[in-house]
Structures are given as structure tokens and as C-alpha cells.
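There are 2 protein chains.
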Amino acid sequence: MPDIISPIAQTHPQIEFVDLEKFFNPRSIAFIGATEDLTKFGGRCMRQMIDFGFAGQIYPINPKRDQVFGLKCYPSLADLPVAPDHVGIVLPATLVPQAIRECGALKIPFATVFSAGFAETAQPQDIQAQADLLVLARECGVRIMGPNCNGMINFVDAFALTSTATINGPKKKAGDIGIVGQSGGASQVNVMWRAQQLGLGVSYQVSCGNSVDLDMLDFAAFMLDSKETKVVLILAEHIADGNKLKALAQKALEKGKPLVMVKAGKTAAGSKAAASHTGALTGEDAVFDAALKQLGIIRVDDYSELYMVASILRRGRLPKSNRSAAISISGGNLVMLADLGAAHGVEWPAYSAQTHHHLSQLLPGFSSAENPTDLTAAAIGQAGKFAKAAELILNDENIDTMIPVLTIANSAEINALAELSNSSAKPLVMLWTGCASDDPNLTPTSLIAKGHAVFQDALPCVKMVEKVQDYAAFVHRNQKRALSRPTGLNPDAVQHILDHSTPVISEYWAKQVLSHYGIEVSKELLVKTAREAVDFARQLNSSVALKISSPDILHKTESGAIRLNVKGDLEVQTAFEEVLKDAKRYKPDATIEGVLVQEMAPKGVEMLMGMSSDPSFGGIVSLGLGGVFVETLKDITHRLPPLSQDEALRAIEQLKGVDILKGTRGKGPFDLQAFAHALSRLSWLIYDFQDQIEEIDVNPILVFPGDKGVKVIDALIIKKKQHQK
Amino acid sequence: MPDIISPIAQTHPQIEFVDLEKFFNPRSIAFIGATEDLTKFGGRCMRQMIDFGFAGQIYPINPKRDQVFGLKCYPSLADLPVAPDHVGIVLPATLVPQAIRECGALKIPFATVFSAGFAETAQPQDIQAQADLLVLARECGVRIMGPNCNGMINFVDAFALTSTATINGPKKKAGDIGIVGQSGGASQVNVMWRAQQLGLGVSYQVSCGNSVDLDMLDFAAFMLDSKETKVVLILAEHIADGNKLKALAQKALEKGKPLVMVKAGKTAAGSKAAASHTGALTGEDAVFDAALKQLGIIRVDDYSELYMVASILRRGRLPKSNRSAAISISGGNLVMLADLGAAHGVEWPAYSAQTHHHLSQLLPGFSSAENPTDLTAAAIGQAGKFAKAAELILNDENIDTMIPVLTIANSAEINALAELSNSSAKPLVMLWTGCASDDPNLTPTSLIAKGHAVFQDALPCVKMVEKVQDYAAFVHRNQKRALSRPTGLNPDAVQHILDHSTPVISEYWAKQVLSHYGIEVSKELLVKTAREAVDFARQLNSSVALKISSPDILHKTESGAIRLNVKGDLEVQTAFEEVLKDAKRYKPDATIEGVLVQEMAPKGVEMLMGMSSDPSFGGIVSLGLGGVFVETLKDITHRLPPLSQDEALRAIEQLKGVDILKGTRGKGPFDLQAFAHALSRLSWLIYDFQDQIEEIDVNPILVFPGDKGVKVIDALIIKKKQHQK
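Residue numbers (the working numbering), protein chains in the order written: chain A, 9 to 733; chain B, 9 to 733.
Derived by calculation from the structure, the hints in this document are not laboratory data.
Here the structure is a predicted model, which is why all the values come from computation and not from measurement.
C-beta: ideal position from N, C-alpha, C; glycine also.
Hints may contain errors.
Cβ pair distances, simulated, as ranges [claimed, not checked]:
1) A/Ser-329 / B/His-246: 29 to 35 Å
2) A/Thr-672 / B/Asp-500: 36 to 42 Å
3) B/Glu-427 / A/Gly-64: 45 to 51 Å
4) B/Pro-610 / A/Ser-550: 26 to 32 Å
Stretches of chain A that chain B covers, calculated by requiring three or more beta carbons in the stretch to come under 8 Å of a beta carbon on chain B [to be verified]:
5) 435-449
6) 465-476
Extracted from the complex, chain A is given alone in its bound form:
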């Protein structure tokens, strides 16, 4: 267990990404299934590849033809003069394995398998065929994209291996945005084509289909490494390997290039059946969302938002904070932007005295420049001063992002803003809702094509600015940070309990585990006799709770085998007997470990923390409002372990219920720091034991007022199946 880890790449072992240089930019390419018939997939692919202007050698393969589109055609790979770097395969599914074998024989490193008829049909024999294909590829040493894919486009080197009609016509200029998706339609039309229509440029695009071997993350890693690409957009349907995603996020952070992701299938997967509250409340999408947040991967809601946020990010200028300024002569637009911005985390701080002074010099009579700044009165008849005022404000130390707002404006004004956008080290995002009054060729698209960030509507504008702000804050937090293991964790003691416990670890032992990681639990004793119960109650010198302790009774309240606020020898003795009786009645064959005698804790806020397990990401930390509100208000959030105390605090701050902890009308504030401390400790427990533990439920953990700390009142741990003996 390492003492210091990167907060991103919490991966062991380290993941190495494949070198895909020859895949994306082969010296020569062979195409099996080449034809001139444009109604056929192979015909369209060949035509596109030739028209797109590939500079290397193209070898059509088709035993029935001598030539394809004027290129010499070969009967088989074995007949080629040289072994190509990459082979495209359009064959019936059953013929694909033989083609892969031939690639292997020639030591061809990469094949793109377009052929459908594999796992996507959901037929058992086709799923098997896909599994067999992977085994074969490994045997032959061939790395495969697909099957059932729509290929790739390399705008940098003019190499296209795809059937898409989106690249018909003159080749679009290479740009700085990489795009990876499984599906063809969405990634090539909704993202690539639409981004290009908007004036953005693409470096590489991949539609990788079933991803039996090379997957989206491999292609994204290549793009992060390519000097042309500044931002990588990913259309995810499912991320199978959480560790690989962590490694990709680590690479993105090191390269200073953002990853942006949209994930379809949010609502498809419900939360799985789970024994603990935490488990039941942790849906697949919630885990995914937590992972992306923590890995600094920007998540957007719709395909179009991928390229919209990229239009800001590709400029590489990150704001230092959320403090923005806006300026306009359209009052209505400014109020709308101010509102929507405030609702999306954009702050509008006051300008410095110096800026006020400079503005009043620039625009005499303009004395009270609020932010956002309405220039209406001052700018009338003051043409050319708009950009100058924007520059003055952008130089203000209180301001990190500038959003000039235009409706209909003349080209001189717009071009002056574009110049400011070029020269400023701070991000400038234009909101331009209309057109140029004197130049029909000057449009949002023409500005975007020149590298500027331009939005036509306030809502997407502030939504994307918020994403950029959040990403910038992530980068600032994580660039130079390493996470240190806290002192006082005792994994050996935990391991000992795990080794000797039942599959379901009941309250007493679960709390022992927690306390070995430095988490405060209620004072209690597991007793076997009424005598012991009475003695311990005397020792505590307060009211006590008595609860059945049994790995077979998870929900003690439901069983009735619990007594609260018990006081005095006789009452304790009676309660002891009743609890045992109730347990028997509830579940006659339950294994009884004894009765837990526990101090009655003082009042505090009931919170929940816990762990669930995700097939992709392993152990997940959860936290939320506890008690009756767990299921009703569902005010819960998730994180990947481990968390520093700061990160834990930030997670707590994201709960709506944080206001309860912060206090209101005479109640609180409660000990937020102590809760963050406990949560961080729990996150290390999860990090260390996620291979052995399936679920943890700490509900409630009471948070006390002031600096009075926290105390775990109830807890439950469920071991992983393979560790349940």
C-alpha cells in the first residue's frame, strides 16, 4: 500500500497505451473487399480514401478484379509488394478470421474490421465469434479496431478509412479537436460534421464500433499525444475499465489537454439490488459521474455541447477563477446573461478602482460601471470604444474571463474584439446573437474558423463557460498535488477482522473495522449475558441502547430486536432478554453473536457514508443525509477513493443538506471538519480493501455541534462473494 499516490492515476499496475502512429498514419494501406460499386460499403470506403488525398500507397484487395478506381488490385494480402501498416476489412463476418490470420502472417500491426455480424446482434454465436476474434488477434499479434465499426479519419495527414458521407466534397482543413466514438452516426455527423459547420477544425475522428480489442481510450490516448490535437471529445456508451480511464485522465492532465465526454445510457441502467442503503442508492450513472468529476473529465449533456465547450478549451487559456465580466450595449441581453451566468456558477465581481478610473477617462460621463456593464448610454456615438472598454476590463485583476455581448454590430467593432481575443492571455468568449451590419462574410462561423470562441445564445455560452471554469479549477488543484496516506490507519487489524468474520459483518465488528482507520464510533460492548450488560451500562453511567448482534439480521429496527434509552439495572436486564426474544421471533435460525450494549449518543445531525462497488471503477465512496432522508430526499453524492480531507470537505459541500450542517436559526454549525476527516478515513479503508469488501453502510454517523466531532452509531460491512467463505 503506497504512502503517496497521484490523485488521478490511482492505478496499479500502470497502464501503457498502444503506439497507434502506424494505425492513424500508415505508410501504406490495404483494403480487403475493394470494389467500385458505390452502393456497397467497400466501394464507398475506397472512393472516400482516394478522394480524401491519402499520400501513401493504397492496395485494393479483391481476387475478382485487376483494378479499382484506377489502382492496381491484388488477389490477396500475400500478393502485395510490401506488407502494409494497416488493413481495412470489409468481408462477411465468417471470413474475417482468415483475413486476420493473413495479417498476422505478414506481421501487419493493425486491422480495421468494418464487418458487422458480431456481438452487436446479441446472438450467442455472434458474441462467441467476437470473443474468438480477440483470441485470434492476440495469437496473430494484430491489433484490431471494430468489428462493426465505421473507421477513422486523419485530417492531419489526409487519411480516411471510412464510408461516411460527411467528408464528401473538398477536404476540410485539419484542426485541433480529436473525436472518438463507438457509433458512426453520432460521432461523424452530430459531432464532427456539425463542429466543422460551426467553423471548428478536427484533427482525428474514430468510430470504433464493438471495440473488441482497441477501445475508445486507446484512440483518445493517441490523440492526447498528437501535437495537433488540443482537446479530445469522447462519445461514451460504456467504460469497461476504470483504471484505464484513470490512466487516460492522468495523461490528459500531464499534457494539459482536456477530455470532454458525453455518455448515453444514463437512464437505462437502474440501480442494482443491494443489501445496504448506500448500494441501493448508487446507480451506474452516479458512479460514472463521480468518476468523471474526480478525474477532471468534463461531462456534457448533449453531443453539440462537446464541440461547443471545445471551442473555448482549444484556445488553451484557462481562467484563474470563476470571476467574469460582460459588456454590451444591449441591456436586455446583458440582464439575461447575468441571470443565466449566476445560475451557472459565473461570478460578476465589481471592478477595481483603477478600472473605474480608466473607464471614465475612456467614456466621459460613464461613472458607475457595474459588472455586467451596460454601455448603452455611454457608447452612443462613441464607435470603436467598445473593444477598448472590454480591454480595460479584461486587464482588471478581479476579472478572469471576458464575455462581450453583441447583437448587430459593424465589422470594425467585431474585428477589434477579435484582436483583443488574440492578444489577451485571459479567455475571451464572445456572445454574438445577431450579424455584422456591414459585412455578410463576417459571421460567428468565420470568427470560430479563425480560432475565436463565439456563442450565439446566452444559455450554452454560460453553460460552457461553467464547464471551463470547473476544469480550470480541477487543473489548478491537481497539477502539483500528491495525496498522502494519513497516519494511524491500521490495515493489519482490519485484515484480521476480515479474515475471521462472517460474510456479512454486523454492527459491532463493522465499527471495529472503522475505528482501526481512525473513525470515532459509539462506546459499546458486545455481551453474552445480562450480567455483562448491566455491568457495562453501569460503567457508561448513562442511558444505553441494546441491539441484537447477528450477521443474519441486517435491519435491526425492522426486527424489533432493539431497545433505546434504557436506564437502570433492572431495565437493562429486561431489555437484554427482550432483545434476544425478539430476534428469535423475527428469525428463529439466526446466528446470534450477542447483544450490543451501547451509549446513547447526544443529539447531532444524522449523516450517511458508505461504499458500493462498481464493475468498472471498483470501490466507490458515498455520502449524504442520513436517517429517514436517505431514501426520500436522495441527497447523496459519490467519489472515487481515496480522498484527502479537503476533497472530502468539497464533496460534503456538494450536498444540499450541507446547510443543515452549517446550521440555521440557532442550531449548529456542526462539525464539518470532523465529518470530512471521517469520510477521508473511510475513503482510505475503501481504497485499501476494495478487493475484499463489496459494501459498507455507515448510517447514521452523527455530526455534533461546534468542534465536538462525529460518532458512528450504526454500521454494516458486506464482504465480496469471493471473500465470503
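Go by the hints and put chain B onto chain A.
Positioned in the frame of chain A, the structure of chain B alone reads:
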């Protein structure tokens, strides 16, 4: 107090809107301040009016000129051969009153005052000048638009009286969308021009500026009456007269034409200082939002959403329910749409057996048609069957809205869908993310221009479909509904209490008021002596609470003058004395009405209900989670009174905390119907007494399990200042 009222037009007296026919479509127009200088406002207005093709007579007025743009120019209004219906005024602010007098002398009904220099400067003398202008206009019998406005455009009759550059070039075809705003930039550029760029058509547009006389609602009323207009879009900054808005909403409902509104200034106004919890939690925007919901006015977030939702609404086909279907050959797009739709209230029900049968006949081998329907496998090589499949599904009785999803498609396919869109009585909304593969002139814009609803992105598509669904549900609920006054309300008894109470009505009398409207309150007695307290406690035969009763002590817990769970004669007597002592200590000069002896109620869910007052809308009903959660979770919603029990129930359903009432893990369900009953009763109290009462705070009202009803535990009423004697 009427027994049956329209749920919308709860207005008294009835509001009559001005007949604006001659304003929008004058037989002749005079323009004071006419010039040929296009750098001047008056020059641009004149040029636009002429170029826009006005068929009536235009009379330029300028004593310094004989002609303007070839039209005979007159020295003054008095010199005109006939009195025009409408006069445009571009003069310095100080000369405007004289011009209005001249209009009055000639009995000219309408003037548009473009001149700035009135209340918008926020200078006292300019605010006064604007107030004087209204008085003058009334004296002269002239109705005014403006001042400080940018005029109006009538596309139907080709009459434009505005300086905007958005109508330069060939006149755009009149359409079916009316647009009203105060500002010029936002309503003319962001909404009108952008809508036209998208292929939509506009009937009338107004930028009415400071609205000293005619306001946005007057212009909207005209548009609702015009046969050309199908939808009216309003860019609101402030609605001064809630009753007028109600009357407008009533007209919209009667005409079957939706109103869509965006309101800037959401965050500007904080909540006002208020004595009650309810008041403090009712911000201006929350009231506005509640009002729009209840009046069936569609509220959108950004300017562009105004015309986007209008693109569906103008077709006049409302879905019967939220049940939609989608169909595509792009799996990725379909999953995205399904997700985003589910997050926005779009339901995707299963198809009927008949539809399944027909689909399998149309597309052999296509056996399991889920909704949304991925045709990928079945549609390959089945050109032309896409629209046919869409038609089959659209005919399904389970489906009320169809969303076909296209990326790149051929024109035959697209045109077939457009035909289906024309012939179907159910709404069809296309999501078309790409282009036509074989016809560059066939675009989303060309389809929209032909009247179809086409979106290019899933998120705005489902957002707007949701708005249409909500509007349709409102129409279905309200078209034939009248709201009956419940029996058992006793306004006379309430009036008696109000007439004799202190300005702040403390718990006991507040509860008396509530119980006169049929709301269950805790059993209690206001006593003056310990003897009485003991007697009443004996009579209740349970633990009691004792609380100070004083109009000067609003927050009893804070004062300490409260004892809970008191039992036995001696304890009651002691508590009585202590409560009086605590009250004295807390506020020595407080008026003491006595001590309230109250039953301790059984356990229930603590909810809050109450009233606050809004300057535009009068009394507002509020409801939410009670107890400690009022301020922390802020789970609160608002409505305009009165509410039927059904409407009250619907309001409760909108709380997140409704799940607490519905019950979880052995707790609940709680008596939702009884809470709705109490809320409806409270809403009638507010409706009847909103002129006299400023705030009501009912916190908590306990909601008991099963059908055990509700009970008000604490309450407070604050009378309006003018009724506080």
C-alpha cells in the same frame, strides 16, 4: 365573494384590453422628426417605413423640409390634409408633450414616442417627466407606446415604424408568431431576426420601451386577437399588474393560443425582509414562476427558446399526454434522445400489439420494436420504409408525439416524413442533426419555413417537447373547468377576528382563523390563570405544551417561553408560571394575552404552508417541508390562490419531500389528501382576505399516517399595514 370562478381570470373588475387595430394597421401615419439623414434615428425610421412597403399614406413632419425621400413634408400635424391614425415622434424629450397635445387636438388615437430621456435615466426630473406624460396623454385621449422605445413591425400589412436594421433587405414573409418586448436589441435581434433566420415567420413585433401607457400585455392581447398570430412570445422584464396578466392568460386560453415568456432579472431581486418563514422564502422570481405555471404561460430560459418552442406550438397540434415515440437508424442518437427525454418528462411507452404486428409486416425480421425504435438492422436496404414505420407508430393509440431522428438522409426519406407531419393530427417533431445527402436546398430551415417542427439537437428538442406537453396538460385541465368554493368556509367569523385583532395575530387567534376555514388545529385553550391551565390539561388527559401567547413574541422557541411534554397538575402549574417569567425576561414590555395550553400531538411529518404578498400578484400560497428543513433544504413551492384540492395535491407532488409523505421503509404513507384539503382551504382564506392579510405562517402542520388527517401545531398571521390599527 363569488362561489364559482374561472381558475385563470380571478380578476375583479374584469380587464378590457384596448383595441389596437389602428395602432398596428393605420390608414395613414405621420412622423414627427422626419429627415433623410440616415445617421439619425428619424432618417432610419423613415427609410425603413418606406422600404418596408406601407400601403397607407405616410406624412413626414418637419418644418425645415418640403420633401423627405420624395414624400411631401408638412410643417406640423395641424397642416395635414387628414388626421392620421398613428403618429411616430422623434423629438427631444422636452418637446414631446407639445406633440402629444397636437395629437389630442386632432383626435389622433395613437402615438409612438421614440424619444429617450425619461424614466430610463433614473433621474428624478426624468421620472417626473414620464409621469407627467401619462397624465397629459390621458387628458388628450391619446394612447402612447414608449417613451424610449424602438417601435413596431407589422409583417401582415407591411407597416414598420422602427429604426432596426433587422428588417433591411427584402421584406420577409409574414408568419404566425407575435413578439413583444420592451428592449429593441433582444426582441428584434435575438428573437425576431433569429427566428426568421431559422425559417420561422413573424406576424407582429413590438419593442415598447418604458411602457408609460400601453404595455406589453396590451400588445400581446392584440396579437392573440389577430387571426394571423398563432403564438405570442413575450420578453418580460417586469409585470406590474398581475390581474392584467391573468386576463391575458384567460384570453390566451379562450383563443387556444399559447403565450411563451422569458423573464430577465431572475437573480436581481432578492427576497424581501419578512417576519414569517414563508415570506422570507418567497422571492420575486418564485412568485412569478408560480403565477406563470398556474396561468398556463409557458416559461423558457433563454431568448432562443421562445421561438424554438413556438416552432412546435404554431402547428396547433397538442399531444394528449406525455407519451412519445422516437425512431431512427442512428442508435447513438436514439439512446441520447431516450435519456434526455426521460430527464425532461417525455415518456416512451411500449407499442400496442397491433403496431408490433404491422411493423413486422412492413419490415420482415423486425420482431422486437422497442420504443425508442432503432431501425438500423431492419432498415438496411429498405429505403422509403422509415416514414412508413413512423406512420404506423404514430397511429398507435399509446403514442401522442412522434420524434423521428435523422442524421444524413436522402431527400425522399425526409420529404416522406414532412408529408407525414402534414397529414397527422398528432404532433411530429423532427430531430435532424445532419443534412440531406442529395439536395443542398433541403435543410432544417427549409422545412421549418414550410411549417414543420425541426430541431438539430436532442437537448433543446426534448426541452421544448416538455414545454409543449406541460402546456397541453394545462389546456386539457382548464378548458372546461370552473373552481367551486368549498362549503364550510366562514369568512364572517374571520373578518370578526381580523377586525378585533392586533397587527400581528398570535398563535391562538391565527389558529382560530384557520379553523374557521375548516383547517384542523391542535386542541388548545388560551388561559389566564394556572388554575385554568391545570383544568384544561386534566380535561385533555394527556401531556400538554404551554406556550406564551403574545403578539410581540413571534418566535416562541427563541424566547424560551415554551414548555413541552408537561404532565400532572403540579408540573402544569409550574410550567405556567415559568412561561410567564421567561416571556417577561425576553421582552419585558410585551403584551401578554395569556398562556396557551395545548395537547401534545402524536408524531407526524412536519410540513409548512403559508402566504406571502406580492405587489403584482397579491396573495401567494406557499408550501414545503417544515421544521428544521424549511431554511436548509428550501424545498418550497408557490401558487396563486385559490386552489382546488386537486391542484393543491399537484402542488404537493412537486415537492421533493413528497417522498417523505408517501412513505419509506415502514414509515408512512402519510395523509396527503388531508394535507391537500388543508392547503386548498388555506388558499381560499388567502384568496378572500389578501387585501387585509400580509403574511401567514403555518409551521408546522403535522401530517399523520394513513387517513389520520393533519393538525396545525403553530401559526402566525400578520395583517397588512393599512389594516393594522
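Hints versus structure:
1. A/Ser-329 / B/His-246: 29 to 35 Å: holds, 32 Å
2. A/Thr-672 / B/Asp-500: 36 to 42 Å: holds, 40 Å
3. B/Glu-427 / A/Gly-64: 45 to 51 Å: holds, 47 Å
4. B/Pro-610 / A/Ser-550: 26 to 32 Å: Given about 28 Å between the Cβ atoms, the range holds.
5. 435-449: Three-residue rule met by the region 435-449 of chain A, so holds; n is 4.
6. 465-476: holds (count 3)
Going down the numbered hints, you'll see the structure goes against none, and every one checks out.
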